[in-house]
Amino acid sequence: MKDFIEIEIILDIIKSTREIIEENSNDNEKVSYHRNNIRKNIFFLQEELLEKYSETVCKYVTFPILAYVDEKLMLLREKSGSNISWSLLQLEYYDRKDGGEYVFEIADNILSENIYPQICYQTISFILHNDFYGKYYDNIYNHNFIAYKKEIDKHIIENSSIDSVGFIDIPVNNPPLSRKYRKIFKFLLRVGVPLGLFFLSLLIFLSW
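Everything in the sequence shown is counted per UniProt numbering, starting at 1 for the first residue and increasing by one.
Keep in mind the hints are simulated off the structure, nothing from the lab. Here the structure is a predicted model, which means the values were calculated and not measured. No residue lacks a Cβ here, since even glycine has one placed at the ideal position from N, Cα and C. Treat the hints with caution; some may be incorrect.
[Unchecked claim] The calculated SDA-like cross-link candidates involving lysine to any residue, where the alpha carbons are at most 25 Å apart (straight line), are:
| hint | residue 1 | residue 2 |
| --- | --- | --- |
| 1 | Lys97 | Tyr137 |
| 2 | Lys154 | Ile5 |
| 3 | Lys135 | Ser160 |
| 4 | Lys135 | Asp108 |
| 5 | Lys15 | Arg96 |
| 6 | Lys15 | Leu88 |
| 7 | Lys2 | Lys149 |
| 8 | Lys40 | Ser54 |
| 9 | Lys79 | Glu23 |
| 10 | Lys72 | Asn37 |
| 11 | Lys154 | Tyr133 |
| 12 | Lys2 | Ile157 |
| 13 | Lys2 | Asp108 |
| 14 | Lys15 | Ile156 |
| 15 | Lys154 | Tyr141 |
| 16 | Lys40 | Tyr137 |
| 17 | Lys72 | Asp12 |
| 18 | Lys52 | Asp153 |
| 19 | Lys150 | Ile140 |
| 20 | Lys15 | Lys40 |
| 21 | Lys79 | Asp108 |
| 22 | Lys40 | Ile5 |
[As the list claims (entries may be wrong)] Okay, the calculated beta carbon distance ranges per label pair:
| hint | residue 1 | residue 2 | range |
| --- | --- | --- | --- |
| 23 | Phe4 | Tyr93 | 20 to 26 Å |
| 24 | Glu51 | Gly81 | 30 to 36 Å |
| 25 | Leu91 | Thr56 | 31 to 37 Å |
Given only the sequences and the hints, what does the whole structure look like? Please build it.
Structure, rendered in structure tokens:
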């Protein structure tokens, strides 16, 4: 898992959004402050992503986060009896208002083509496990919605890898048995370490 900074930013956005919607007393000043913090975090997230990835990858990570925040704040607005104002971040950044549908289009795209970095899948997983429902809001037990969660998480498990394994080496004059254990050790590092880190971060986050 090489995108530590990006994942930290994403988790911070989700955490701060959960905190504000769980508060008993919210007003436009608090919501405005939260919005400015989201903008700041999105700026840093995009900067980090664009240093390594394409505009498409950047969008596939950033848009679902914006859609998550929009959904939660619009629900808060509805709950407060429209005493809180909120304009869509997805409209501000991507000129779209269909986040509830488009997030699942992104999920379809990344699941159909195994060419995207893990952070795309991790982002979708984070928001789905933090109660983003989108177009399935009226039927959260819909088979297709549950299938998205399973398929995204399955992909993360099956494709977990780290890029820093190459530096691990053992002299070539070691006996074949040692080389065998070296391969096992590399495999465990490729799969176990990033997978463990991902689920540990998710477990810690969900316990907040």
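Do the hints match the structure? See the list:
| no. | hint | result |
| --- | --- | --- |
| 1 | Lys97 - Tyr137 | holds, 16 Å |
| 2 | Lys154 - Ile5 | holds, 23 Å |
| 3 | Lys135 - Ser160 | violated, 29 Å |
| 4 | Lys135 - Asp108 | holds, 14 Å |
| 5 | Lys15 - Arg96 | holds, 24 Å |
| 6 | Lys15 - Leu88 | holds, 19 Å |
| 7 | Lys2 - Lys149 | holds, 23 Å |
| 8 | Lys40 - Ser54 | holds, 20 Å |
| 9 | Lys79 - Glu23 | holds, 12 Å |
| 10 | Lys72 - Asn37 | holds, 15 Å |
| 11 | Lys154 - Tyr133 | holds, 19 Å |
| 12 | Lys2 - Ile157 | holds, 15 Å |
| 13 | Lys2 - Asp108 | holds, 24 Å |
| 14 | Lys15 - Ile156 | holds, 22 Å |
| 15 | Lys154 - Tyr141 | holds, 19 Å |
| 16 | Lys40 - Tyr137 | violated, 28 Å |
| 17 | Lys72 - Asp12 | holds, 15 Å |
| 18 | Lys52 - Asp153 | holds, 23 Å |
| 19 | Lys150 - Ile140 | holds, 14 Å |
| 20 | Lys15 - Lys40 | holds, 15 Å |
| 21 | Lys79 - Asp108 | violated, 31 Å |
| 22 | Lys40 - Ile5 | holds, 14 Å |
| 23 | Phe4 - Tyr93: 20 to 26 Å | holds, 24 Å |
| 24 | Glu51 - Gly81: 30 to 36 Å | violated, 43 Å |
| 25 | Leu91 - Thr56: 31 to 37 Å | violated, 20 Å |
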